[in-house]
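Whenever a hint applies, use it, and build me the whole structure from the sequences.
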Amino acid sequence: MNRRTIVFSVLVVLTYSAGACSWGDQPPKNEKRYPIKGSVIAVNQQERTAMIKHEDIPGYMQGMTMEFKIKNAADLQTMKPGDQITGTLVVDEMSSWIEVTAIIEGGGALTPTTVVPGEPKPGDEIPDFTLMNQDGKPIHLSQYKGRSVALTFVYTRCPQPDQCTLMSNNFAAVDLELQKQPDVYTRTHLLTVSFDPEYDTPKVMRSYGASHTGRYSDEKFDHWEFTTGSADEVKRIAEFFGLRYFKDSSTGEEQVMHSLRTAVIDPNGKLVKLYRGNDWKPSELAEDLRSLATATR
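In this note's numbering, the protein residues as written are 2 to 298.
Calculated directly from the structure, the hints in this document are not laboratory data. A couple of the hints might just be wrong.
[Unchecked claim] Under the rule of at most 27 Å between Cα atoms (straight-line distance), these lysine-lysine pairs were calculated in the DSSO-like manner:
1. K146 to K282
2. K146 to K122
3. K122 to K274
4. K282 to K181
5. K122 to K236
6. K271 to K282
7. K282 to K221
8. K271 to K181
9. K204 to K221
10. K54 to K236
11. K146 to K221
12. K138 to K81
13. K236 to K271
14. K146 to K236
15. K221 to K181
16. K236 to K274
17. K204 to K236
18. K138 to K221
19. K81 to K54
20. K236 to K138
21. K54 to K33
[To be verified] Distance windows between CB atoms, simulated:
22. N170 to Q144: 45 to 53 Å
23. N45 to P183: 39 to 47 Å
24. G83 to P283: 37 to 45 Å
25. G215 to E32: 22 to 30 Å
Where is the CB? At the ideal position from N, CA and C, for every residue including glycine.
The structure is reproduced here in C-alpha cells:
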C-alpha cells in the first residue's frame with residue numbers, strides 16, 4: 002500500500018535588513034534551535050525559501066519535505082536542487098527559518114510526477130466533496146448551501162507555530178467573533194480539513210478540534226467541524242484548492258506540498274476568495290463571512 006507523506010510549506014513573512022533579521026542583535030524570547038540536515042528539492046529566490054527533504058529532527062519533528070525560510074540570501078544563491086545542506090532550524094513563537102552551515106553539491110532535482118491543476122478562480126463552483134467529520138459522519142459540501150463557509154487545511158501533528166497551529170488559532174478567533182452576532186453565526190460555517198487522513202482519524206480530529214474551540218467535552222461542533230476522509234478524496238479536494246502532489250523518485254511515496262490555503266465559499270457554493278499562506282487576519286475572514294451572510298438574508 003502506498004503511503005502518502007506530507008510535504009509542509011513554511012511561508013513565514015520575515016523582515017530582513019542588511020542580511021540580518023529585523024530584531025537586529027537581540028533574538029526573540031523563547032527561541033529554540035535544532036540541528037537539521039537534508040536534500041534541497043527546489044529554491045525560490047523571490048520568496049527566500051527552499052524546499053528541503055530533511056531527516057528526523059531530534060526532539061522536534063519527524064523527517065519530511067518542507068519549505069523553509071533561509072536566513073542568508075547568499076546561501077540561496079549557492080544552493081540548487083539535489084544539494085545536501087546542514088544547518089540549524091531556528092523556531093520562535095511566531096516564525097521559523099534555517100541558518101545554513103554547509104552546502105554539499107549533489108545530483109539532480111526531484112520533480113513532480115503528477116499533473117498539477119490550476120487553482121480555482123472566484124466564481125468557480127466548488128465540487129460536492131465527500132468528507133467525514135469528527136463524529137465519523139459523512140458530510141457533503143452541498144449540505145452547507147445557504148451558509149457562507151470558510152475552509153482550511155491542517156495536519157494535527159504539525160509542530161510549526163506559524164502553520165497549521167496558526168490556521169486553527171485563526172479559525173478559533175473567527176468562531177468567537179461571529180458568535181457576537183447570533184443571526185450571522187447560524188448563517189456561517191467553518192470547516193477544517195486534514196490532509197493526513199492516515200493519522201488524523203475522526204477521533205483524533207474530535208480531540209484536536211475540541212482543544213481549539215476550548216469547549217472540550219461540551220463541544221457540539223455545530224458551527225466548526227473538523228474533517229478527514231479517504232486518501233483519494235482528500236487528495237482531490239486538496240488539488241482543487243491548489244495544493245500539489247508529486248512522487249518522490251527515491252522512495253516512490255506520494256507527497257503533498259502544503260502551502261496553506263483558506264477558501265471563502267458563498268452560500269451558493271461558489272468560491273469568493275482563496276487566501277494563500279498565513280499572512281491573513283481573523284478579522285478579514287470574519288468580515289468576509291459576515292458580509293456574505295448578511296447579503297443573502
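Holds or violated: K204 to K236, with C-alpha atoms at most 27 Å apart: holds, 20 Å
Hinted pair K282 and K221, Cα distance within 27 Å: Given that 27 Å is the threshold and the Cα spacing comes to 25 Å, the pair holds.
Restraint check for K204 with K221, where alpha carbons must lie at most 27 Å apart: holds, 14 Å
Holds or violated: K146 to K122, with C-alpha atoms at most 27 Å apart: At roughly 19 Å apart (the allowed maximum being 27 Å), K122 and K146 satisfy the hint.
Pairwise hint evaluation, K274 against K122, where the allowed Cα distance is 27 Å at most: Between K122 and K274 the Cα gap is close to 8 Å, so the pair holds against 27 Å.
Straight-line alpha-carbon gap K146 to K236, limit 27 Å: Distance ~23 Å between K146 and K236 Cα, so the pair holds.
N45 paired with P183, Cβ distance criterion 39 to 47 Å: holds, 44 Å
Given pair status - K236, K122, alpha carbons within 27 Å: Holds: K122 and K236 sit about 19 Å apart, inside 27 Å.
Agreement of K236 and K138 with the hint, judged by alpha carbon distance not exceeding 27 Å: At roughly 19 Å apart (the allowed maximum being 27 Å), K138 and K236 satisfy the hint.
Straight-line alpha-carbon gap K146 to K282, limit 27 Å: Judged against 27 Å, a Cα distance of about 25 Å means the pair holds.
Beta-carbon spacing of N170 to Q144 - inside the hinted bounds 45 to 53 Å or not: Given about 27 Å between the Cβ atoms, the range is violated.
K81 paired with K54 [C-alpha distance capped at 27 Å]: holds, 13 Å
Consistency with the previously given hints fails for numbers 12, 22, ordered from lowest to highest.
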